[in-house]
Amino acid sequence: MKNPKNYQEYQKNKKREKIKIISIQFLILFAFFLFWELLVNINFLNEFLVSKPSKIFILFLSYIESNSLFTHIYVSVLETLIGLIIGSSLGLIIAIGLYFSKTLYKILEPYLTVLNALPKTALAPILIIWAGTNMKGIVLVSVSLSLIITIISSYSYFQLTDENLIKLMRVLNANKRQILFRVILPSNVANILAILKINVGLSWIGTIVGEFLVSKNGIGYLLMYGGMVFRLDLVMMGVIILALIAFLMYETISIIEKSIRFRKHKHKKTIIEE
Amino acid sequence: MKELLSLNNVEKTFFSDEGETKVIDNLSFKVFENEVVSLIGPSGCGKSTILNLIAKLENLNKGNIITNCEIGYMFQKDNLLPWLTVYKNIMLGLEIKKRKSKESEDYTFSLLKKYGLSKFASYYPEELSGGMRQRVSLIRTLSLKPKLLLLDEPFSALDSQTRLFVQEDVKSIILEEKLSSLLVTHDISEAIALSERVLILSPRPLKIKKELKLSYDNSLLPSLRRKDNSFSQYFNDVFNTLHY
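Protein chains in written order, with our numbering: chain A, 1 to 274; chain B, 1 to 244.
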């Protein structure tokens, strides 16, 4: 960037830079689809294997017309959100419990380590049998993916809380609940949001794997069905929609993150009369 | 003179996998109303442990500690919560102790005004200088109306110039609010500039090597004490006791 002469120019430069980046990002996306279409049309790529954007778009329109696309999206998003919320909040609550009972943590540590190392998708068939071959089963798979890692990472973040602040609270005779809500949780807001961001991806893996195994609806179902009948346009459409929704969910958390970070700077300075 | 704090034959031992370490051995001293007492000793001799014992953060093994008043604790770091405004930070102690009332709030406001911080009440700690943050931290402690202040090397995190200003500040606040204070430090000039009595401590296990009564009037501020001829005499005295 050029060296700005004054603040106005600095802002102008910044805005120009931002527009430049966003336009290039869109350009890359557009070029990707354009080349895909072209390469299929000149028979460089096999349409049977990769389908092509125009066909996917036509399919997309027909799914919108029949309204079934929204059902699929709704089902998958719902399963993922429930999985994300249960997995993250339960994980956080357990981590808080462990933080206040070091003995319990020491007892459970090897089990947590094993459960964390285990590929949770391997458990998916069992979980579905236990919880039922319906939405409950899929949600449980989704929960299983984010739960353990949430416990382990929240716990280690809690451990890193500034000891001096905890000492201050102890000098003030604060009880555990006060220490938790006034120091440990507030000082870990950014960390909890970072965990949540990771959990969005994990919950989606759980949902899609669950839907692969048992489902009548959902994006995972579309992918599975499309693959089985060699409808690659259907699979590609599923993947593109999935990418879009996952991106939107991730961005939502980023926006929450930013709003928390900027809240205090927006805060209006009220001056107490002298 | 009223006795605010008395330690009688206090003993403290720490246990670890490496064995036991006796940190404090048969320690006795008193702090009276309107005096500042300094504990000075080599690093790692267990000075801070004494304050932790008085504040009941740790239990002692033998002896007893008698406190006759509300105690305030001020740390090396300002320990302001970065997500709270200056005002909220100051109210923290009152809120936790469930002593927040119209009266206590008014008192806090009056402290803020008196010590020139009311303009900054809605600022966040990161927007203040190190010296001001330490002052906020002190007002948080004062809002609980303590009679005895425990100061755990409260100036050592500040740069050398700010340190002089904050020492002056703290001493005048102590005088203004008619407080007593127990100051833990390893800085000889700080101990002489601020206190009326200096207790010179030995390395582990901690014992009192020598008690030095300073002849200054207790209202004499640090800057004036530093100009006094006796200052360097006291400095040498403490230095020699510490090291030989």
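Since the hints were made in silico from the structure, they are not lab data.
Fair warning: this is a prediction, and the values are worked out from it, not measured in the lab.
A virtual CB, placed ideally from N, CA and C, is assigned to each residue, including glycine.
Treat the hints with care, as some may be off.
To be verified - Restraint-style ranges between C-beta atoms, simulated for each label pair:
| id | chain 1 | residue 1 | chain 2 | residue 2 | range |
| --- | --- | --- | --- | --- | --- |
| 1 | B | P203 | A | L193 | 54 to 60 Å |
| 2 | B | E58 | A | L118 | 55 to 61 Å |
| 3 | A | A246 | B | E126 | 33 to 39 Å |
| 4 | A | R16 | B | K145 | 35 to 41 Å |
| 5 | A | L118 | B | I208 | 20 to 26 Å |
| 6 | B | F14 | A | N116 | 33 to 39 Å |
Now for the hints, and whether the structure bears them out:
1. At roughly 47 Å, the beta carbons of P203 of chain B and L193 of chain A sit outside the given window of 54 to 60 Å.
2. Under the hint 55 to 61 Å, the C-beta atoms of E58 of chain B and L118 of chain A, about 42 Å apart, miss the expected range.
3. Hint check: A246 of chain A to E126 of chain B, Cβ distance near 35 Å, so the stated range 33 to 39 Å holds.
4. Between R16 of chain A and K145 of chain B the CB atoms are about 58 Å apart, so this pair departs from the stated range of 35 to 41 Å.
5. Restraint check, L118 of chain A to I208 of chain B: a C-beta distance of roughly 59 Å breaks the suggested window 20 to 26 Å.
6. A C-beta distance of roughly 35 Å is found between F14 of chain B and N116 of chain A, which places it inside the suggested range of 33 to 39 Å.
Violated hints, in rising order: 1, 2, 4 and 5; the structure is consistent with all others.
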